[in-house]
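*Asks:* Here the protein sequences line up with chains A and B, keeping their order.
Following the numbering used here, the numbering of the first sequence begins with 1 at its first residue and continues without gaps.
Following the numbering used here, the numbering of the second sequence begins with 1 at its first residue and continues without gaps.
Just the calculated beta-carbon pair ranges, DEER-fashion:
(1) A/N260 to B/S158: 51 to 57 Å
(2) B/A192 to A/P114: 20 to 26 Å
(3) B/H154 to A/F176: 54 to 60 Å
(4) A/Y89 to B/V197: 30 to 36 Å
(5) B/E126 to A/F93: 41 to 47 Å
(6) B/R180 to A/F93: 32 to 38 Å
(7) A/V75 to B/E126: 52 to 58 Å
(8) B/E126 to A/Y89: 40 to 46 Å
(9) A/D376 to B/A192: 17 to 23 Å
(10) A/G293 to B/V19: 52 to 58 Å
(11) B/K8 to A/F93: 58 to 64 Å
Just some of the chain B residues that point at chain A, by a computed CB distance under 10 Å:
(12) M4
(13) F15
(14) E150
Hints were generated in silico from the structure; no laboratory data involved.
Backbone N, C-alpha and C define an ideal beta-carbon position, used for all residues, glycine too.
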Amino acid sequence: MTFTSWQFGIFVGTVFGAYYFPPLRALQVQLLVIASLFFYGYGQPELLPLLAVAAFGTFLFLILALRNRRIWLPVGIAFNLALLAFFKYKFLFIEPSSTGLTGVAPIDLLLKLPLPIGISFFVFHNISLLVDLTRQKNAPPDLTSVFLYIIFFPQLVSGPITRAEMFMPQIKPKHFADIPFIEAAKWILAGFFFKLYVANNLNEMTSYMDFPLYETLQTQDRWLLVFLYSYQIYADFFGYSAIAIGLALLFGYRLPINFNLPYISLSFSEFWTRWHISLSSWLRTYLYVPLGGNRHGAFRTYLNLMIVMGLGGLWHGAGLGYLMWGLLHGALLVMERPFLRRLQSIDLAVFRAARASVVFVCVTMLWIFFKLPNFDHAISYLSGMFTSSTNPNPTKLFYNLALLYSLPVIIQHFAPRSLFEGRLRAAEPYLYGSMIALMYLEAGPETSFIYFQF
Amino acid sequence: MQEMSAVKWFARCVFSAMVLLLACGLATAWFGTGLQLPATTTRDGTLITLNRYAKEPIPEIVIVGSSLSFRLKENYFARARMRNLALAGGSPLTGLEIVMNQPRLPRLVLVEANVLSRSTDTALVEKYSRSGNTDPMFFRPIRTAVAAYENWLHAPLSHTQVSLALSRLLKQPPSDFDNRIYADRALQQSNAEDPTVAVRENVTRIEQLIAAIERRGARVLLYELPYSEQLERSRSAKITREIVHAKFSDPDRWLRIDFTRSDLRWADGVHLDERSAVIIAQSIDRALSSLLEPT
Chain A
1 MTFTSWQFGI FVGTVFGAYY FPPLRALQVQ LLVIASLFFY GYGQPELLPL
51 LAVAAFGTFL FLILALRNRR IWLPVGIAFN LALLAFFKYK FLFIEPSSTG
101 LTGVAPIDLL LKLPLPIGIS FFVFHNISLL VDLTRQKNAP PDLTSVFLYI
151 IFFPQLVSGP ITRAEMFMPQ IKPKHFADIP FIEAAKWILA GFFFKLYVAN
201 NLNEMTSYMD FPLYETLQTQ DRWLLVFLYS YQIYADFFGY SAIAIGLALL
251 FGYRLPINFN LPYISLSFSE FWTRWHISLS SWLRTYLYVP LGGNRHGAFR
301 TYLNLMIVMG LGGLWHGAGL GYLMWGLLHG ALLVMERPFL RRLQSIDLAV
351 FRAARASVVF VCVTMLWIFF KLPNFDHAIS YLSGMFTSST NPNPTKLFYN
401 LALLYSLPVI IQHFAPRSLF EGRLRAAEPY LYGSMIALMY LEAGPETSFI
451 YFQF
Chain B
1 MQEMSAVKWF ARCVFSAMVL LLACGLATAW FGTGLQLPAT TTRDGTLITL
51 NRYAKEPIPE IVIVGSSLSF RLKENYFARA RMRNLALAGG SPLTGLEIVM
101 NQPRLPRLVL VEANVLSRST DTALVEKYSR SGNTDPMFFR PIRTAVAAYE
151 NWLHAPLSHT QVSLALSRLL KQPPSDFDNR IYADRALQQS NAEDPTVAVR
201 ENVTRIEQLI AAIERRGARV LLYELPYSEQ LERSRSAKIT REIVHAKFSD
251 PDRWLRIDFT RSDLRWADGV HLDERSAVII AQSIDRALSS LLEPT
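In isolation and in its complexed conformation, chain B is listed as follows:
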């Protein structure tokens, strides 16, 4: 077979690349980028929520936190206008900075005060603080195809179906999963850390952000999620609690969450399991009801 000239080869190569890019660009413009792409990592899941926060109307209540709060899924709450911007592996500060940089604020911001040693994810803050359209020109064709298939296969549950599933879950006894290995490891890690310097810096920044947000008319409350008794006594947890309570000593600054500790489980030693997360979410719901009642 006769060899193709290099110019012809490259022209055909570039042509087919351009055709595919153009087709994908047109499809993106036609269908939009609203389809929820599959989250292959927890960070993907976070980005989905942040994208929704940037695009949809500002909700009434926003939660910012770490992976501890990430477990409190939005559909565990009775309130529809609730967004959880907690970042798995991230800091509550990142979410708080993003909320602060939006032109409009929610009525209430809930800030988790458990994990305060991590620094702000500046790249994420920058990405979600830009004004204007941040939609990409092209969607990812493979992920979009898979997302369309998954959405077709697993249509989102209705509010009634979710409520039924949650009440079924709550009727079950607490899990008897033996988490000793994970709990011991978590305790070891938590005792090895001295988060004093980082927590002091972050708490100061949180104080500044709270002041700035409240000047704009929104309210900010802090809350603490329960750890297992063992972990509550760990070095890192104790230091964090002392610093944050010293800075925010006013009890009105805190959201009170009621729970029965014996009902809660931490499958991996640190994070609440699904049933426990539902219990805590419903407790938060009750606390908010009294706070947000029209005056």
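Next up, chain A with everything else stripped away, as it sits in the complex:
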């Protein structure tokens, strides 16, 4: 069930009505857990047992780790990482269509199961739960609360990755009068607008980046499409995260903000504080800092950055392309680190604009490894950007349409915030109303959210 389907609209309406229905108030947490299980199992019921194993297993290791953290915390983390590694990377070694992989029916069944949607996200939730709650040494939470934290449906499939110490204290009775309706509506409408108007329309054009279609492109169009994909992936993931935040607010939960205008970042390290913030802060808290962070000299810091970014790349998918994407981001972080202070000391508008442009162009070029996870295809696309096209029958792209569909991302990043918070504040509801009309009239063809595949 995707956020943009009518079934999801009915689902949310029904759950929302029942959630605030006074006779059911005592069962709010249980209701959200059941609703989340229904949401997850709607398309792939065969994967529900896996979700149950992950959640029950994590709960068991949490109880044990609260008694003996030194032994059971690593075991609990290993259990979750093993789940992730098995489901995410097994297809590197086996061919799912082949019959009789091992000859043992239950093992073959497991080996042939598709990648469970959202596994990368709920495994990170589980690890956060184990680390945060055993650090606090409080009484163990009840099983239902643990389940809710892991499978809360707005964030189950693609985040934002919420830390346990932020979410668990929010589990308490919720009241209809406390719902911040305007704030929730703004998040949800902006999310749907960015997904339906921007991402889905741009997807029509960027589908020409796929193999072998990209071979029909002219050189300048290869460049254009990379930038369009950069806008598309932002609009798609920002859209999903915004809808998730808005939906969570309707049920009384505040999820972390996942994007903060990443394409105006002045440095690569700043980019990672603005893009997929919940993932980068998770990696920083649970990987970079335990590895030693920047506390053991320059070489170890660089090594830690490369390890974290490399693993961050592999977290997205089992492929050389994702690993390269992560490592190249790591390399950019390493390269800029010695010069960062000096760069920051030059306070000239032109220089800041140049820095932002360099960061944007580099980040955008690296998205090619996302769009084309096959490493050979990515390299072939990249090399075509620097050679003139000889195809006698190139694809025609409409540049004006590309600009009009990208415009919301550009406006969001570059329009002065003070304008919307000051003079245009009164026009805000009209602006959101226009977004409703435009997303209805001009929605692009339905496509799934890019981050669903991770």
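Fit chain B to the known structure of chain A by using the hints.
*Replies:* This is chain B only, laid out in the frame that chain A set:
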């Protein structure tokens, strides 16, 4: 600044959405949806042709096929009353089903017999087989604005201008574009496929549709577009050819297309390039002239 109440906020939000929808609805009713929207994908291009087929008077001749026939642009043909409903990435069956489901039929339907392993696009058939007005209530404002701008910028060429451009193109030598990488890849893919089951099913369905169409007075002919010599010998092409010729063995069921193979080029290894497509279109024109002469 004082915070606006939620009720006021939502009322204003809904009001502005309704005003914009109403304005767009009125504009649609006033101007109609006839403006040709920009085709950002090949499927868009297909839909434009299908929309025209559903709205305009039934033409004399209709082509149904796959992306191979999609390259034969309507303005390559001398006949004005010719529609090409070939679907890029699609099956000839889809076009044939759509033609069959229309209340009126063209005089002649030409069915491409090269790619017969793909199944019917039932959603497309359903969409273009409904009776009554299928125009949307609202046009897409952004695309319509861009379409208006593009139409203003690039006015459609006159018949004379098109003819001149085509004869200039034909005077040029065949392209010397090196397509070896693409041709090898196409051959590899074509050899990897065994389309037997799908082609058998589809050919049976084509036979049924031909019978139904001809019962209503129209004529149906099959034709094969040339592949490169390498691809002609591929597994998929050979299997398809054997099955379809076994089913339709009568030579009168086939439209004969004459061409000189050395004049033709396949830029991507599979599809005819523009010059070659013009050559084939003109050959089809000649074959049709003898067929459709008044008796």
